[in-house]
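With these hints in hand, go ahead and build the complete structure from the sequences.
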Amino acid sequence: MKTRALKKCALAAHIALLCLPWSGMAVAQTVPEDGTAADATPDSSADAKELDTVVVTAERRQRPLQRTPIAATVLSGEDMQKWGVNVVDQIQFATPSATVNNFGQGIDFNIRGIGKAEHNTQTTTGVITYRDGVATFPGYITGEPYVDIASVEVLRGPQGTFGGQNATGGAVFVTTNDPVIEGGYQGYVQGQVGNYNDIALQGAVNLPIGPTLAARVATYGENRDSFWEMSGPRPDQDARLRTHGLRLGLLWKPSQAFSALWKTDYGHLDYGAYPADPYNATNDLFDITANADQKARDKFVRSILKLEYEWDNGVLLRSVSGYQDGNTAYRTDLDGTSAADWIFRDDVDERIYSQEINLISPDTGRFNWIAGAYWQKDEYTFPPGEFLTATPPGNPATEYWLEGSNPKKTVAVFGQVGFDLTERLQLEIGARYSESETTNDISVLQYGLPIEQQQTAKFDNVSGKVALNWDLSENHFLYAFYATGHRPGGLNVPVGLGLPDPFEEEEVRSSEIGWKAIWADGRVRTQVNAFHNSYDGFQVIIGYPDFPTFGIELNVNDTTTISGFEAQVQAYLGDWQFDAGVGAIDSSLGKFYAVDPRYDPAVVVPCDPQTGPENIAGNCIALEGRDQTYAPDLTWNVGVQRTFTVGKGTITPRLNFSHVSDQWATLFQNEALGDHIGERNIFSGQIAWQSGDYVVALYGTNLTDEHYVSAMNSLLRFAGPPRQYGLRITKLF
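Positions 285 to 1017 (the numbering used here) are the ones given, in order, by the sequence shown.
No lab work stands behind these hints: they were computed from the structure. Nothing here was measured: the structure is a model prediction, and the numbers come from that model. Beta carbons are placed, not taken as given, at the ideal position from N, Cα and C, and that holds for glycine. Check each hint, because a few of them may be wrong.
Listed next, the in silico PhoX-like pairs over lysine-lysine satisfying Cα-Cα at most 25 Å (straight line) [as the list claims (entries may be wrong)]:
| no. | residue 1 | residue 2 |
| --- | --- | --- |
| 1 | Lys661 | Lys583 |
| 2 | Lys692 | Lys661 |
| 3 | Lys590 | Lys692 |
| 4 | Lys537 | Lys583 |
| 5 | Lys583 | Lys692 |
| 6 | Lys742 | Lys590 |
| 7 | Lys742 | Lys693 |
| 8 | Lys583 | Lys693 |
| 9 | Lys590 | Lys537 |
| 10 | Lys932 | Lys1015 |
| 11 | Lys661 | Lys693 |
| 12 | Lys742 | Lys661 |
| 13 | Lys692 | Lys742 |
Distance windows between CB atoms, simulated [to be verified]:
| no. | residue 1 | residue 2 | range |
| --- | --- | --- | --- |
| 14 | Gly649 | Tyr766 | 24 to 34 Å |
| 15 | Gly962 | Thr706 | 44 to 54 Å |
| 16 | Tyr469 | Thr740 | 49 to 59 Å |
| 17 | Asp946 | Asp989 | 11 to 21 Å |
| 18 | Asp892 | Asn481 | 48 to 58 Å |
| 19 | Ala764 | Asp977 | 44 to 54 Å |
| 20 | Glu719 | Gly649 | 28 to 38 Å |
Structure below.
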C-alpha cells in the first residue's frame, strides 16, 4: 500500500507531465452584445477562427463560463456524443475530479470526494442534478439517458447559494432543447446499431404552431442484450436493456415581456438486472452465478412549468414549478452466488413537488442582484411486502421486512448581490437559508422482532459565497472565493435497541482561486484553479458505538480536509480540436474511531467515535488521516480530433482517453473486504462522416474492453460496462 509521501510524489509527477503541453495556454470569453447564449457547439469547419461563447445558467442568469467564478465543465449535445456520454455514469470520463459508482439501484456521485457515500433513502445526495431548472430525484432513478440535450453543466465545489442544501460537492444542470417559435420544422432522427444486438432510435422535431406558440417533441428507445453470462439455478435471468421515453415541450410567448414553457418527460428504464458477485470472487466480472430473482427497473414522469415576466426596467420575475413521480423496483442475489439463498428486493415510490421563485435584476450597471425562494416536498413510500432481505426466505426468523413512508420538506430563501468596485473588479455576495424536516413513519419486522418508528428530525443552515472577480484584461479573468455548502441529516432505522438518534448535517467550507483566459485569437480557452475544503460532519455508517453488532449512521465529528488542483483546456487550431482536463486531490480524514460491523459482527466491545480507544484486538480502529471515500488522487481526460475535407463532406476521427485512479469505498480501507476500487483507464472514439444533413459515425466506448469494478455495495462488486461499438446514423432537418 502506498504511503502518503509516495502518493504525493506520484501525484506531482502526473501533474507535471499533464501540464507540459499547456505552457502558454489559458481562456475567457464574452457574451454576445444582445445577451443571448451562443451555441455551445463550436464550428468544426476547417476555417473556424475562434471558439463560441460557452454559457452557464447555474446562477439563475445566463453568464459566460469564462467570466463566472465557478469551476465547471460544460458539454453541448454534440460534445456528449464525442465523449461517448449517454448517461450519468459516463460523466466521470469527460470532467476532472468526478467519480460515479453505479451499483444498480443507486449511484454514488462524488465531486472532489464529496457527494454520496451511503446507500439509503435517508442519506441525500451531495451532488444534486437539475433537469430544465428542477431538482430531480436525489438518490434513485438517476439513469435517465441524455436525449435532445442543449447543454450539461458539471459544477465543481459547493453551490450552496443556488444549488441548495444538496450541492455540497457540486451540481449538474441538464438543459434540454426548447421549442423555437417561428423556427420552422427542424430536428433530427438518429438510429444506432451495435454489438450485444444493440438497437437504438431517438429523434426530436420542432413544431411551429403560430406566431406565439411552438412545440418540441423528443423520443428515444433502446434494446440491448445482456453484458453478463449468468448460470446457476436461475439461468432465465437476463440483464438485457429495454428503455423508452418521450418528452413534450410547449413554449407560449404572447408578448416580449411574458413567456410560458411547459415540459413533461416520461421514462421507462428496464435494465433487466444488475448482477454482481462477491468482492473476493476470482471469476471474470461478467460471469455470474445466481439463484435469486433479478430485476432492475425505473419509471418516472416529470413535469415542469417555467413562467417569466420582464418589466420595462429589465427586472425579470421567474417561477419554476415541478412535479415528479417515480418508482424503482430492484431484486438481486445478495450473496452473489448460487451457493447460498440470500435475497434482497424492494419497490419504492417517490413523489416530489417543488416551487422556486426568482426576481432577477438586469445584468447592467455597477450593481446587480437576484432574490429567490424555494419549497419542496419529497416522499418515499415503501409498500407492504415489497422491501425484503432474507436468508433464506420463507421463515420470519430469517427475514427483514420494512414498510411505511419517509416524507421530507424543505423551504429556503436565497439571494446574491454583485457590485463593481472598479471597472475591472467586482464583489459578489450570496447566501441561502434552508430549513428541512424528515419523518420516518415505518414498521419493521426484523428477523421476527416487530419494531415501529414514528420519528421526526429538523435541520436548518445558512450557506453562501463571497467572491472577488478581477478582469485582468479583455482575455484574462481571475477569481477568488469562500463558499459553504450544506447537506441535512436524517433518521436511522431502529434495530431493537431503542429509538436511535438522528445523524446530523454536513457542512463544507471551501476556498478557491482560479484563472480563466483566452489565447490564440480566441481559438484556445482554459481554466486553472486550486481549492481547499474543510468538511465537517461527514455522514458514515459504522457499528453502533455501544453495541457494534448492528450498523448505524453518524457523523465524523472532526474536520476532514480535501485540497486539490484542476485545469481544463479547449483548443481549435485549424482542422484540429483538443480537449483535456485534470484533477488532483489530497484528502485526510479527521480524528475518528469506529468498528467495522462487516468484519466482526459478533464484537460487542464499545468504541467511542471521538476517543476510541484503539484496542489490541483491532476492533476499535483509529481512522484519522485516511483518504476520503470516493476521492481518487488523480483524474484526467484528453480528447483529440482532426477534420478532413473529402469531396463535399468531411471526415472527423476522434480519440478520447480518461483515467480515474484507484479509490476507497469505505473509510475502513479493508482490501480483504473489497474496499479498494481499482483505477479505470477508458479509451473511446468515433469516426464521423458528414455530408449535408447526414452524419454517419462509427463509435466505440471502452475500446480496450477493460473489465473494472464500478462500485462496491453489500460486499458485492459491480462491473462497469465492457467494450461497446457500432454505427450511428443521424439525419438533420
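Item to complete: Sort out which numbered hints this structure fails and list those numbers smallest first.
Response: 4, 6
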